[in-house]
Amino acid sequence: MDKKHVNLLVFSGDYDKALAALILANGARELGMSVTMFFAFWGLMLLRDPEKMSLEDKSIYEKMFAAVTPKGPDQLPLSRMNMSGLGKYMLVEMMEDSSTPQLADFLQGARKKGVTFYACKLSLEVMGLNPEELLPEVKVIDVKEYLQDAVNAHLELFI
Amino acid sequence: MDKKHVNLLVFSGDYDKALAALILANGARELGMSVTMFFAFWGLMLLRDPEKMSLEDKSIYEKMFAAVTPKGPDQLPLSRMNMSGLGKYMLVEMMEDSSTPQLADFLQGARKKGVTFYACKLSLEVMGLNPEELLPEVKVIDVKEYLQDAVNAHLELFI
Amino acid sequence: MDKKHVNLLVFSGDYDKALAALILANGARELGMSVTMFFAFWGLMLLRDPEKMSLEDKSIYEKMFAAVTPKGPDQLPLSRMNMSGLGKYMLVEMMEDSSTPQLADFLQGARKKGVTFYACKLSLEVMGLNPEELLPEVKVIDVKEYLQDAVNAHLELFI
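Residue numbers (this note's numbering), protein chains in the order written: chain A, 1 to 159; chain B, 1 to 159; chain C, 1 to 159.
Hints listed in this document are in silico derivations from the structure and should not be mistaken for laboratory results. Even glycine gets a Cβ: it sits at the ideal position worked out from N, Cα and C. A hint or two may mislead.
Below, in silico cross-link-like pairs of lysine-lysine (DSS-like), each with a Cα-Cα straight-line distance of 27 Å or less [stated by the list, open to error]:
#1 A:K3 x A:K113
#2 C:K4 x A:K3
#3 A:K71 x C:K88
#4 C:K4 x B:K88
Covered by chain B, according to a simulated footprint, are these stretches of chain C (three or more residues, beta-carbon under 8 Å) [as the list claims (entries may be wrong)]:
#5 6-13
#6 35-44
#7 101-113
#8 128-141
I would like the entire structure built from these sequences, with the hints used as guidance.
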């Protein structure tokens, strides 16, 4: 009857925060809620398709940025305790030990379950990313389109 | 009449962010609002009972994790300016000078005022924490139970 | 008819997160929504007027804090990849290349467009900041006033 809608603004490019966002998105879809995820700034790193890197049409800063930032889910660092990757290695091992799916699995799950993926237009421009470098189903929208979706949602989080 | 409900997802294990979450929770209860706090990932560190550490049934990674992560409210670091504890020392001194209660006081206040404490089931499993290592009134729920509470709240924040 | 209200709690003192908050605030005002921004803890750094620093009536800790924390929008660091300012320099250059306004421009825009600025009373006390050190239109309120605004908003985020 009153179908619930969840709107997640994913600003962070941290492995653990992206994991939290995708676990919420998967859970909400399993409960029959509709879910939109709006990726901005560092959050865009999650949506980069590692196969589709392009250095054409990039300024020198954009090339440097593209080179030093993570490419896709597996390269995201932890928000804390990263300790040059050791903390993340431990966390991933612990997730395997407890049979928890990995970040890439939750991303695939969200794609299959019909989560709507949006990328922030302004963030793409500032970071010099092309829409073609992202996963194919990602739609580029601006902040006003995000806001109109978010004010009508039942749960909105900034992650 | 229209009783307001506040739902806080506490993902962070930082002293200052935990402080903000608990100040909001205490204030909302004083206004007669109902409050649920759902602790996930690093947020669980706040709920660890320093008296009840257990290393039994833990894998090697879980033991290392348990040893290097904070045990209870007093050990949480600042989200920034921590400077090996100096920034936090200054902040705590400044809070004392301005007669502000400390994090542990706000935690006790929230417990006495009837804030509902939830711990994320999946996070406990991944981090290898047992429910017995947490404060006694904490109830373990899964992400779907969190979502059903959150979509019906009037204020939901990811902290 | 049903005018939408947006409430942003700005806890972070990071350049990129402040930018995100102000882009959202400007966009919401352009859509005719009402917007309140409540600045707490590190978020207060954005509201500091660099012309109006005062060291009077400050304790020794408060003086140290005032000296080592950012004064106004231009001094805020990035939330990640700051690399002693290099990452921020690159980001600001990239914003200029793509003709994106800077943080200070978005702050001016929000002031002109009628965003309501609130500063957290308790945070000011703890950090030893005087209301006179902030931008003139900032109103000081307590957490309960924030909560009463937030539970009646259509979109509330913790940034």
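Taking the hints in turn, this is what the structure says about them:
1. A:K3 x A:K113: Holds: K3 of chain A and K113 of chain A sit about 16 Å apart, inside 27 Å.
2. C:K4 x A:K3: holds (20 Å)
3. A:K71 x C:K88: Answer holds: K71 of chain A to K88 of chain C is near 20 Å, not above 27 Å.
4. C:K4 x B:K88: The given pair, whose Cα atoms are some 39 Å apart, is violated under the 27 Å limit.
5. 6-13: holds (count 3)
6. 35-44: holds (count 3)
7. 101-113: violated (count 0)
8. 128-141: Three-residue rule not met by the region 128-141 of chain C, so violated; n is 1.
When the structure is compared with the earlier hints, violations turn up for hints 4, 7 and 8 and for no others.
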